[in-house]
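Asker: These are the residues of each chain, in order.
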Amino acid sequence: MAVLPPNTSEADFNNALQAFAAAVGDEWVFSSDEDLKPFRDHYSPVPLEEDELLASAAVAPANVEEVQAVVKVANQYLIPLYPISTGKNFAYGGPAPNVRGSVVLDLKRMDRIIEVNEERNFALVEPGVSYMDLYTYIQERGLKVWLDCPDPGWGSPVGNTLDRGIGYTLGFYRDHNAAQYGLEAVLANGDVIRTGMGALPGSDTWQEYKYGFGPDPAGMFSQGNYGIVTKMGIRLMPQPAHYRNGLVTVPLREDLGPLVNSINYLNDLNMIGDPWYGSPLRALLDNADFRAAATRRGGGIAEELNRFAREANLHSWQVELQFYGSERTTEANWEYAQEVISDRIPGARFTAGESLAIPLTPEQLHETTGPYSSNMRRNITQGVPGLGIWKNLGRTQSLPDTWAQGHLGLFAVLPRSAESIFEAQQVFADTMADLNLDGGINALSLGVNWYQYAFLFSAGFSTGGGNADNSPAGKKKIADGLKALLVVAGEHGWGEYRAAPYFQDAVSEQYSFNDYSLRRFNETIKDAVDPNGILAPGRGGIWPGKSRG
Amino acid sequence: MGLTLLATTYTAYAQDSAAVARGKAKFDHSCAPCHGKGAGDDGRESLPGTYSLKIKYGETLPAALEDRTDLTSEVISVFVRMGAWSMPPFRKTELSDAEIDDIAAYFAVSSRAGN
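First to last, the protein sequences are chains E and R. Residue numbering for the first sequence follows numbering that gives the first Met the number 0, starting at 0 and increasing by one per position. Residue numbering for the second sequence follows numbering that gives the first Met the number 0, starting at 0 and increasing by one per position.
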């Protein structure tokens, strides 16, 4: 073993490993270098450095009783546990812990699909179930319910929800934590709790009324460290009869404001699925003069960028719309979207996309030759989990030897307004120029609307790929730059929605209202429910008392 | 004697065919979403892993893992446990050593069958 848990002697650690083995079986305790290699963060910003977040061992229980037994051992030896579901949240840390030397609690073996209900539209699953597993289960039985999948889709609904992951269909379902309906968790003292109606013996509404009576602590298990989630209910979308999409473009830079407001209106009436913004002017970025205008320090100048657009006969902005319902209601919603946008934006153009009965055929799922070139990958609009997005990280014909091998980045939460987008374009681009980093931000950068009521504005970096530096030093430079960018974003009121363990303290540091009163509240709870600080110390920026000094 | 040999051969065959069936199921579950022969779900001709290996090997080796005759358990284990560039490694809770053996058994058949 290369790493020990903090403040733990080798003798105590060996005793703990034996106790873990007694709890789960010898074959489900991993402590050799070979076995622990896949528990590293494959995209770590600090690979092979002294501060790489390595596990000392991993333990894989098969059921709740074994989880309780592992927790008991961890308390006895004061060893931190880091629970993972399927460990597939790469670029958000993967299976690697917040604290170097933690024992990873690998819940992959807990992989039961306990219920999928197609009349009442929910599922109840264990952490080791992947989106692909659940999708296959539903398809094999011909059930008429949909998942809302993250991309890639090989992770766990439980893990993704606990990390507040997102998807691509209708607003409520895209926010995976919102679609969480009731969970079971093992606490640090070994107690098992069920939230909401799960606390009422004999209740059959655990996945239908998430609150029960009194405070609902379910949300505290997301990005938190108060317990080990062993079951979770998720709401499923009833399979719609029809899918339709359409493209909207608007001519002027200043049209982004009324376009965003129009989409907010349609989005909040639940008339559209994930709206996907873009700019047709990206086609001009190879033009040196345009690129200079789009990356001008201080932000893009509307008059100048409008002139480029006019001369190229291109519109400035676009948004792709998705509609779910019946053939007639999706048609009516598309017509209404055109009416709403036309009323607000002179010169807006509309291109009808495809109109497809659901379920799509395999050919339709792979088809990309619609009436317009779409940036929305078809499978994610249909709740079909896949790994196609991995295309962004593999070899390409143009980069056969220096392809992108990983990525690091951040997503800042912004208001859904053009003003915030224009400000973020300028602040992010100028900050990265100051840091001598190229995060791809320019006057065409836009937010994503995965969360129904907010934009996420990203700065991302390939590690490897083209001229990008894939060396440890190159990754460290990006990591340091991202931490600096977090501070600048925080000064503008923009915080991260999610982060890898390596960045979680830096993110948490920005949430400072009233001298960090929220964090102090979280710490108070942490100390009360986990006095030994054994559960994922540091996750979500919450450290136990013994680590706070 | 002859019957014993026949029974032994049959048992070995049954075990092998069971391993091949398990290997195909595990390959379909854990590997094919990236390394299968299907079309990419993004309009590409092939899935990302297959696409990447096609560029890597050109005409020297098949791009699809199921067509490879050189992927023994030992070779598969190296890539599965270590990862390879953008492909993250897989833990034993995801893919056990025995399951890797089954996948190798499947490749031994699939690469001959022109699967």
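Everything labelled a hint here was simulated from the structure, so no lab data went into it. Even glycine gets a Cβ: it sits at the ideal position worked out from N, Cα and C. Check each hint, because a few of them may be wrong.
Derived Cβ-Cβ restraints for the label pairs, each shown as a range [said to hold, decoys possible]:
hint: 1; chain 1: R; residue 1: V77; chain 2: E; residue 2: D267; range: 21 to 27 Å
hint: 2; chain 1: E; residue 1: P237; chain 2: R; residue 2: G37; range: 26 to 32 Å
hint: 3; chain 1: R; residue 1: G37; chain 2: E; residue 2: G189; range: 41 to 47 Å
hint: 4; chain 1: R; residue 1: G37; chain 2: E; residue 2: V191; range: 19 to 25 Å
hint: 5; chain 1: E; residue 1: D479; chain 2: R; residue 2: A83; range: 26 to 32 Å
hint: 6; chain 1: E; residue 1: G544; chain 2: R; residue 2: V77; range: 43 to 49 Å
hint: 7; chain 1: E; residue 1: E302; chain 2: R; residue 2: G82; range: 27 to 33 Å
hint: 8; chain 1: E; residue 1: E49; chain 2: R; residue 2: A17; range: 45 to 51 Å
Asker: Now tell me, hint by hint, if it's right for this structure.
Answerer: Comparing the hints with the structure gives:
1. R:V77 with E:D267: 21 to 27 Å: Violated, since V77 of chain R and D267 of chain E (Cβ atoms, about 51 Å apart) do not stay within the stated range.
2. E:P237 with R:G37: 26 to 32 Å: Roughly 28 Å apart at Cβ, these two residues keep to the hinted range, so it holds.
3. R:G37 with E:G189: 41 to 47 Å: holds (46 Å)
4. R:G37 with E:V191: 19 to 25 Å: The hinted range 19 to 25 Å is violated for G37 of chain R and V191 of chain E, with Cβ atoms some 42 Å apart.
5. E:D479 with R:A83: 26 to 32 Å: holds (27 Å)
6. E:G544 with R:V77: 43 to 49 Å: holds (44 Å)
7. E:E302 with R:G82: 27 to 33 Å: About 50 Å separates the Cβ atoms of E302 of chain E and G82 of chain R, which means 27 to 33 Å is violated.
8. E:E49 with R:A17: 45 to 51 Å: holds (47 Å)
Consistency note: the structure conflicts with the earlier hints numbered 1, 4 and 7.
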